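Colleague: Please build the complex by placing chain B on the supplied structure of chain A, with the hints as guidance.
In the order they appear, the protein sequences are chains A and B.
All residue numbers in the first sequence are consecutive under the working numbering, ending with 276.
All residue numbers in the second sequence are consecutive under the working numbering, ending with 276.
Honestly, the hints are just simulated from the structure, not real lab data.
Keep in mind the model is a prediction, meaning the values are calculated, not measured.
Be a bit skeptical, because a hint or two may be false.
Have a look at the derived ranges for each label pair, beta carbon to beta carbon [claimed, not checked]:
hint, chain 1, residue 1, chain 2, residue 2, range
1, A, Gly24, B, Ser120, 42 to 52 Å
2, A, Ala77, B, Ser93, 17 to 27 Å
3, A, Gly24, B, Thr142, 26 to 36 Å
4, B, Lys275, A, Ala226, 21 to 31 Å
Glycine residues also receive a C-beta, built at the ideal position from the N, C-alpha and C atoms.
2 protein chains.
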Amino acid sequence: MTEVALSETGHPFDRALTLEEGRGEGVLTGNTDPAYSNMVGPFGGVTAAVLVRAVLDDARLLGEVLSLTVNYAAPIADGPFEVVATPVRTNRSTQHWTVSLTQDDVVTTTATVVTGVRRSTWSDTEAVMPEVPPAETVPPYTKLDFVAWARNYEMRFVTGAVPEPGTGPQPDSTTTLWVRERPSRALDVPALAALCDVFYPRVLRRRGAFVPAGTVSLTTYFHAGADVVAEQGDRPVLATAWAGAFGGGYFDQSARLWSSDGHLLASSHQLVYFKQ
Amino acid sequence: MTEVALSETGHPFDRALTLEEGRGEGVLTGNTDPAYSNMVGPFGGVTAAVLVRAVLDDARLLGEVLSLTVNYAAPIADGPFEVVATPVRTNRSTQHWTVSLTQDDVVTTTATVVTGVRRSTWSDTEAVMPEVPPAETVPPYTKLDFVAWARNYEMRFVTGAVPEPGTGPQPDSTTTLWVRERPSRALDVPALAALCDVFYPRVLRRRGAFVPAGTVSLTTYFHAGADVVAEQGDRPVLATAWAGAFGGGYFDQSARLWSSDGHLLASSHQLVYFKQ
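Chain A on its own, in the form it takes in the complex (with noise of 0.2 Å):
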């Protein structure tokens, strides 16, 4: 499979989120990558990446990863940095942890991971996916790749596409949109967290124009276990994000990811900062 190839050979994911053991346990040092720059400091999906992996890779890990919290305190510069995660709870079946991404010791990014085991429960799905025309049919945009990150991904937009001059305010703050890595590369949950904040900002969706505007903090649930997340491959992921209210400088987005076959991969909340 190309994604396999892809990856061995140093898919622009896996680059970044390649991290080298530090200074004590749990500690881990990493490098920013050219190819996910956002307009200040990295996209921030590859930064809740890079703290999942981060988790995922230590030898005290206990479980999946079920929830992540993470808040951006501030821009992360181009450069080194130190990934800091601690277990600081221990359960039977959970396990809490603290994270941190430091620069020059001074915290960029603060956040809390759960992992814990899943076990065999009554399971339903209550979220309705949209019905939406396969991705295949609806063609790539590519007018975001003046911004570095976005080149890593080809988005299919089925609703509420980028706003272009002459838009307009809209009504609705949704986006709909078939997703995946660009070269294709497997899903794993790594690059799940990173989807997550993939949607550009709903207040440019509703102005109609673009705004400055930032996560301030992330939040994703993670229903899906590793092996649904690895049986959707490289395939689009079907993406969906919208707007609850927008005041006072922010305002708060909620996201849903699903799989081709129709499994709700994720839901995703964020809270984000604009000007204007």
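Modeller: Structure of chain B alone, referenced to chain A:
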């Protein structure tokens, strides 16, 4: 106003949130309150409120509470606890806190809080307040009173009341209720933080029966400034909650809390553990 008099003479909620200065800056001590006992340990909402209280009382605070994530790592035993609140990063308009609750130096609860200055910006509420009858026309529900903490809330279920024998499985997890403190008390931000966890677990509604369930991680975004929250006074808040997906022993629950004047006060999300 009745609620002010009650607050001054010791409303149970204020008693539960009483914190004393501890061993150093940002270190506070408190005690669990029997009035807020749940099945195991205290009501998660009051724990969230204690952590918010700790940040709001800190002399280093910048702005208002914008977002809160609480991870319930272990049950809190009846008795004393210590809260440590640390502003790990202070920017021009936002501040990032890590907070922990410990008992005998063992972590039971971790949290992150983002505070910040709200600025005048474009605003709009895209979420739609449910259409419901006025609170005073909906009878209060008292059959949850066997749980200590529930006795502190006047709950008037509009839809999705607590399952009773014979209710049976339900296709929709949504519950909407008018809710305020009992005895009534003027709303403030810690009380709002607690109210975001006032819903019985969605899995009970879907299964139509009581099954063991508990919050693992709770995230709340505070849309309304403290001034708008205060305008609510002791009137009932309209609270609505629903689930997205159940499986593997966990489900997600989302909620919105509306002022009686139609302001979206908060959006809240949680990951919940359940059995069976």
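Colleague: Determine for every hint whether it applies to the structure shown.
Modeller: Here is what the structure says about each hint:
| no. | hint | result |
| --- | --- | --- |
| 1 | A:Gly24 - B:Ser120: 42 to 52 Å | holds (46 Å) |
| 2 | A:Ala77 - B:Ser93: 17 to 27 Å | holds (20 Å) |
| 3 | A:Gly24 - B:Thr142: 26 to 36 Å | violated (54 Å) |
| 4 | B:Lys275 - A:Ala226: 21 to 31 Å | holds (22 Å) |
In terms of the numbered hints stated before, the structure departs from hint 3 and from no other.
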